[in-house]
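Go ahead and model the full structure; you've got the sequences and the hints to work with.
2 protein chains.
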Amino acid sequence: MPDSAPIILLHRPQLGENIGSVARVMLNFGLTKLRLIAPRDGWPNPAAEPLSAGAFEAGVSVEVFDTAEAALADLQLVLAATARPRGMEKSVTDAMGGAEQIQDSPLRCGVLFGAENHGLPSELVGLADTIMTYPVNSDFASLNLAQAVGVFCASWGAVQGAVGRWEGEKAGVETPAPKEDLIRMFEHLEEELERAGYFYPPDKTPLMKTNIRNAFIRGNWTTQEVRTFRGAIKALALGRGKARVQRED
Amino acid sequence: MPDSAPIILLHRPQLGENIGSVARVMLNFGLTKLRLIAPRDGWPNPAAEPLSAGAFEAGVSVEVFDTAEAALADLQLVLAATARPRGMEKSVTDAMGGAEQIQDSPLRCGVLFGAENHGLPSELVGLADTIMTYPVNSDFASLNLAQAVGVFCASWGAVQGAVGRWEGEKAGVETPAPKEDLIRMFEHLEEELERAGYFYPPDKTPLMKTNIRNAFIRGNWTTQEVRTFRGAIKALALGRGKARVQRED
Numbered sequence: 163m164p165d166s167a168p169i170i171l172l173h174r175p176q177l178g179e180n181i182g183s184v185a186r187v188m189l190n191f192g193l194t195k196l197r198l199i200a201p202r203d204g205w206p207n208p209a210a211e212p213l214s215a216g217a218f219e220a221g222v223s224v225e226v227f228d229t230a231e232a233a234l235a236d237l238q239l240v241l242a243a244t245a246r247p248r249g250m251e252k253s254v255t256d257a258m259g260g261a262e263q264i265q266d267s268p269l270r271c272g273v274l275f276g277a278e279n280h281g282l283p284s285e286l287v288g289l290a291d292t293i294m295t296y297p298v299n300s301d302f303a304s305l306n307l308a309q310a311v312g313v314f315c316a317s318w319g320a321v322q323g324a325v326g327r328w329e330g331e332k333a334g335v336e337t338p339a340p341k342e343d344l345i346r347m348f349e350h351l352e353e354e355l356e357r358a359g360y361f362y363p364p365d366k367t368p369l370m371k372t373n374i375r376n377a378f379i380r381g382n383w384t385t386q387e388v389r390t391f392r393g394a395i396k397a398l399a400l401g402r403g404k405a406r407v408q409r410e411d
Numbered sequence: 163m164p165d166s167a168p169i170i171l172l173h174r175p176q177l178g179e180n181i182g183s184v185a186r187v188m189l190n191f192g193l194t195k196l197r198l199i200a201p202r203d204g205w206p207n208p209a210a211e212p213l214s215a216g217a218f219e220a221g222v223s224v225e226v227f228d229t230a231e232a233a234l235a236d237l238q239l240v241l242a243a244t245a246r247p248r249g250m251e252k253s254v255t256d257a258m259g260g261a262e263q264i265q266d267s268p269l270r271c272g273v274l275f276g277a278e279n280h281g282l283p284s285e286l287v288g289l290a291d292t293i294m295t296y297p298v299n300s301d302f303a304s305l306n307l308a309q310a311v312g313v314f315c316a317s318w319g320a321v322q323g324a325v326g327r328w329e330g331e332k333a334g335v336e337t338p339a340p341k342e343d344l345i346r347m348f349e350h351l352e353e354e355l356e357r358a359g360y361f362y363p364p365d366k367t368p369l370m371k372t373n374i375r376n377a378f379i380r381g382n383w384t385t386q387e388v389r390t391f392r393g394a395i396k397a398l399a400l401g402r403g404k405a406r407v408q409r410e411d
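Heads up: the sequence lines are chains A and E, in that order.
When we follow the numbering used here, the leftmost residue of the first sequence carries the number 163, and every step to the right adds one.
When we follow the numbering used here, the leftmost residue of the second sequence carries the number 163, and every step to the right adds one.
Treat the hints with care, as some may be off.
The list makes no distinction among identical chains, and a pair is therefore deemed to hold if it is satisfied within one copy or across any two copies.
[Unchecked claim] Subject to a maximum C-alpha distance of 30 Å in a straight line, what follows is the list of computed DSS-like cross-link-like pairs (lysine-lysine):
hint: 1; residue 1: Lys252; residue 2: Lys396
hint: 2; residue 1: Lys252; residue 2: Lys371
hint: 3; residue 1: Lys366; residue 2: Lys396
hint: 4; residue 1: Lys195; residue 2: Lys371
hint: 5; residue 1: Lys252; residue 2: Lys341
hint: 6; residue 1: Lys371; residue 2: Lys396
hint: 7; residue 1: Lys195; residue 2: Lys341
hint: 8; residue 1: Lys396; residue 2: Lys195
hint: 9; residue 1: Lys371; residue 2: Lys341
hint: 10; residue 1: Lys366; residue 2: Lys252
hint: 11; residue 1: Lys252; residue 2: Lys195
hint: 12; residue 1: Lys341; residue 2: Lys396
hint: 13; residue 1: Lys195; residue 2: Lys366
hint: 14; residue 1: Lys341; residue 2: Lys366
Derived from the structure by calculation, the hints contain no laboratory data.
Next comes the structure, spelled out in structure tokens:
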């Protein structure tokens, strides 16, 4: 099965530093194919290396083309990144939509970005199937080239879900303790608070207990956290100097 | 109503260039509040200016704090950006999830990013309500600080929809021509093709016509595009030298 990840194309990029930054952010999100169309300072460009963080050695391959037509020749679905919709009769999407369109497509896809100083010429946008634009601040629409590429790459990563994601470490798995553990913890705490003379006046005690329980309940504590805190209650009780050493639980 | 946009906090940022890039990408997506916690080279830092593209003058305000505790003091919901989940019992989200959580919250929110060289210390992650992490390539998890902030900012922009988005220019409004226009265009084209002797053999003609129509139909042409192409058909017909000048439509 062919790799569905799109090719990133930079049209007449000027600064090697930006090419390096583009490669860096690409590889973070699993994109490895970069095409340069008539890069101003040629290629390879030593200025790209420091900002790439080693991305070229680690997997980003670069192809260089003299013309956009040659760079696009073998692609079947092309998105053109523009700072704003061009008023063309062409579908317009945002970064997530673009990533989804490519993800869902069996075609050879590319995403085309313009030069630092003036973006993509209209005739190149005209060759694209879809315009991709971001909801940027109209008073300050000034993304750096690598930032613009990065927004798409991050969306690609989000659509992919996980690119070899941190195996062995589950994200966001919370295992709240069973209520029984919490209730026994509350009883333990309340018992010690009563011994300490905390609840006063007596007619307010039920409400005070409920309020405390509510505050703890919201934390969704795990069994381990309950166990830890029960140890803390015990230590506090002992620390008051009361003879509670014999308590076991 | 208070501004719901979160505050971006950078913990011990090292390079002024990165602070400038952060401000630039922030303002692109409508974020204007930046807090620096113990920036290595102090603040203001002249190295930030060139990469900010004027973002500080155009709206990004900077506050400087000596400690993270002071910078977080007035915030009620804090997301900590980390390169990977830390195995803490804390909810974990990605950039879009984080942006949505903040968007949906009436609280004063902040998003905390660590230093270039070693991210956020665990005790600071511990102060956060939610861990935000991106689905990065586990073989190359190496986002630049401004790239990391940029991923969140773009998600914030996407969740917001449009930040003062290019009013007066509608994105992606396609107005396909009514079928009548297309049918008349097909008839016109087929009539000229017949005159040109294109359809051969006769028994294949209906299939050839259908195939051509299908190819055009997929393009979802507008009325203007139909009109333009009819002009092209006419010109081609005339160009063949046939006496069709009198045809009007």
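How the hints compare with the structure:
no. : hint            : result
1   : Lys252 x Lys396 : between (69 Å within a copy, 25 Å between copies)
2   : Lys252 x Lys371 : between (63 Å within a copy, 26 Å between copies)
3   : Lys366 x Lys396 : within (25 Å within a copy, 92 Å between copies)
4   : Lys195 x Lys371 : neither (61 Å within a copy, 41 Å between copies)
5   : Lys252 x Lys341 : between (56 Å within a copy, 19 Å between copies)
6   : Lys371 x Lys396 : within (18 Å within a copy, 88 Å between copies)
7   : Lys195 x Lys341 : neither (52 Å within a copy, 41 Å between copies)
8   : Lys396 x Lys195 : neither (60 Å within a copy, 44 Å between copies)
9   : Lys371 x Lys341 : within (16 Å within a copy, 72 Å between copies)
10  : Lys366 x Lys252 : neither (68 Å within a copy, 33 Å between copies)
11  : Lys252 x Lys195 : within (26 Å within a copy, 36 Å between copies)
12  : Lys341 x Lys396 : within (20 Å within a copy, 80 Å between copies)
13  : Lys195 x Lys366 : neither (68 Å within a copy, 44 Å between copies)
14  : Lys341 x Lys366 : within (24 Å within a copy, 77 Å between copies)
The earlier numbered hints that this structure contradicts are 4, 7, 8, 10, 13.
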